[in-house]
Amino acid sequence: GAVVSQHPSWVICKSGTSVKIECRSLDFQATTMFWYRQFPKQSLMLMATSNEGSKATYEQGVEKDKFLINHASLTLSTLTVTSAHPEDSSFYICSAGGLFGPGTRLTVL
Amino acid sequence: AQSVAQPEDQVNVAEGNPLTVKCTYSVSGNPYLFWYVQYPNRGLQFLLKYITGDNLVKGSYGFEAEFNKSQTSFHLKKPSALVSDSALYFCAVRSWGTYKYIFGTGTRLKVLA
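Those protein sequences? They're chains H and X, same order as listed.
FYI, the working numbering numbers position 52 of the first sequence as 52, with every residue one higher than the one before it.
FYI, the working numbering numbers position 96 of the second sequence as 96, with every residue one higher than the one before it.
The set of hints was computed from the structure by calculation and includes no laboratory data.
A few of these clues could be false.
Taking lysine-lysine and the DSS-like style, the derived pairs with C-alpha atoms no more than 30 angstroms apart in a straight line are [stated by the list, open to error]:
hint, chain 1, residue 1, chain 2, residue 2
1, X, Lys77, X, Lys100
2, X, Lys110, X, Lys77
3, H, Lys20, X, Lys22
4, X, Lys110, X, Lys58
5, X, Lys22, H, Lys41
6, H, Lys41, X, Lys100
7, H, Lys41, X, Lys58
8, X, Lys100, X, Lys22
9, H, Lys41, X, Lys77
10, X, Lys110, H, Lys41
11, H, Lys55, X, Lys100
12, H, Lys64, X, Lys100
13, X, Lys49, H, Lys41
Chain H with its partners taken away, still in its complex shape (with noise of 0.2 angstroms):
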């Protein structure tokens, strides 16, 4: 049936690295994606929404040049998380179809 995946699952790297996040819709298409992120104890807010052959539409006070999205399939969207500091440290959600992915837990050091 129809699943969105994310992959990794976690990820952990060093300050000023840059880190990709996968997307994937199985078994449907999607050619809208959207990507939250939810702080510790906090609720799940939307980052962006993904659109297959365009430009990503950032929310209000969400840097697009800090978190590059890229959705160059209908089945795919990346997240990249770019010149990572501890602050992004974050649990990262993607969406598609009404689906939710299972997320990425990034630790930034």
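Following the hints, complete the assembly by docking chain X onto the known chain H.
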């Protein structure tokens, strides 16, 4: 603008007692309303949704929710709480024609043995 409010950061209930987790919403047009549960370091698990029809919606794990249009509420309920129900619960709203969700701030449910 759409918004969802969960007025309680935490709800404590004794095992076997009924539980209620509150949610109110503000949307233009007809709302699509959802409840999700999240266990530590895990993704979201779908519990139930209201799109149209009966105001009382039954979902997974014995949970149900009542849509009240006049009070713009969508409270989550369960007749008899289990310790394993302890988790973080999110109410969310989605507009027709989009898969973009707006989440409430979450309510931590603690069921005491």
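(request) Hints the structure violates: just list their numbers, smallest first. (result) 3
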